[in-house]
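Sequences and hints are given; from them, build the entire structure.
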Amino acid sequence: MPKFARHAQELWSDGREESKEGEMVAGVGRVVCAGFLLVLSGFLAPSPAQQSAAPTKVIQIMGLTGVKNKTKGSLAVEGGNLRFAHGQAKVDLAATSVQDVVTGNDSERLIHGTLGTLTMFAPYESGRFLSLFRTKLDTLTIQYRDADGGLHGAVFTMPLGQAEVIKKKLIAQGAHTSAPTPEGADNASPRASNAKEQKP
Amino acid sequence: MKRISERGSACALLGVMLLAGPVLQAQEKQPAKIKATSIKVAMIESDEIKLPAEFQVSLYEDLIEQLHKKGGFQHVYRDGDRHAADAADLVILNSTVRGFKEGSERVRQVTTVAGATSISVHCAFTNKDGKLLLERDIKGNVRFFGGNLRATYDFAKKTAQVARESLSPSAGT
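In order, the protein sequences belong to chains A and B.
For the first sequence, the numbering used here begins at 1 and goes up steadily by one.
For the second sequence, the numbering used here begins at 1 and goes up steadily by one.
Derived from the structure by calculation, the hints contain no laboratory data.
Even for Gly, the Cβ is constructed at its ideal location relative to N, Cα and C.
Treat each hint with caution, since some may be false.
Said to hold, decoys possible - If we take Cβ atoms under 10 Å as the criterion, some of the chain B residues that face chain A in the derived model are: (1) ALA42; (2) MET43; (3) ASP62; (4) GLU65; (5) ARG82; (6) ALA84; (7) GLN109; (8) VAL110; (9) THR112; (10) PHE145; (11) GLY147.
The structure is reproduced here in structure tokens:
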């Protein structure tokens, strides 16, 4: 083998060993970095945009155009819209068209629906006894205007504690309320002074 | 034989007169209907009474639905609808809550006799110029079955019936 070829081979093998070591160091560095970020992620609060990911399961009691009364579905605030989805159908309302959003509270029988009705005919008045057991619910009432300026109202019920979250998101996206929370007082409509919110 | 048939026809005539009398009287007593082809429903007011928002919205939505179904109007406009300005023979319905007692569905289901929810609403039908055409106090109740919001449905049904009896698209003002 010529001298210059042997020299070149030695240089190439040295380079390979050095690059292997470098790759190993870089790999360890990546692992340490990832671990560090993982530890830090626990202290990082998600932004409001990230919070709006999961929709809330609700019952639309009345008022949404094109949706039957007492329809089950999910409610989410995304992209400046209040979106009610049931099955394949979706109804979007611009948050800016919402003139008033108010939360309240309600309750329903623990055993409701058809089974709940059937328990009313249970022997020894046990249906009445079962009526004593109820679950608390949140209500969300909104008033909004359509394209012609017509005023609509819609009422939703949802699990306890969810209505206030949706209300805050709606206000953040441009909706108004007559019963402002302390943080959202600047978004209040002129009727705020004589309106009081229903609290559990 | 002839006498019997005469008596029979006299009895029949008397019977017809007795039966027809109240019907004719009732027809005479019926007030003239007010001409109205369309109605605009204003948002429910509750300045004096503290009414939960869901009841206010439920009263308004049920009223619109029942007027659509049973009111006999060609158009039912919502509060603020721009098309209402061009409507002929428009009547505006202003409703003010005068009384509200929120009952309890639990108490109704347990006791059957207690826990009723009732709403009393003053309804004023005016024309476009604000002239009062008709006013009534209408109550909505839920006594036995259903949630509290069912009282608003009861009120809406009664209001639609009042509107149907007093207002008509074919009446001669």
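Here is how each hint holds up against the structure:
Taking 10 Å as the C-beta contact cut-off toward chain A, the hint placing ALA42/B at the interface holds, the least distance being around 9 Å. Interface restraint check for MET43/B: the shortest CB-CB distance to chain A comes to about 6 Å, inside 10 Å, so the restraint holds. Contact between ASP62/B and chain A, as hinted, is supported at the beta carbon level, the nearest pair being about 8 Å apart and thus within 10 Å. Because the smallest distance between the Cβ of GLU65/B and any Cβ of chain A comes to about 8 Å, under 10 Å, the interface hint for this residue holds.
Of the supplied interface hints, the one on ARG82/B holds, with its beta-carbon coming within about 5 Å of a beta-carbon of chain A, less than 10 Å. With a cut of 10 Å, the hint placing ALA84/B at the interface with chain A holds, because the nearest CB-to-CB distance is about 9 Å. This hint holds: GLN109/B has a C-beta 4 Å from the nearest C-beta of chain A, less than the 10 Å allowed. Taking 10 Å as the C-beta cut-off, the interface hint given for VAL110/B holds, the closest approach to chain A being about 5 Å.
The beta carbon of THR112/B comes within 8 Å of a beta carbon in chain A, closer than 10 Å, and the hint placing it at the interface holds. Hint on PHE145/B holds. Least Cβ distance to chain A is approximately 9 Å, under the 10 Å limit. The beta carbon of GLY147/B comes within 8 Å of a beta carbon in chain A, closer than 10 Å, and the hint placing it at the interface holds.
Consistency note: the structure conflicts with none of the earlier hints.
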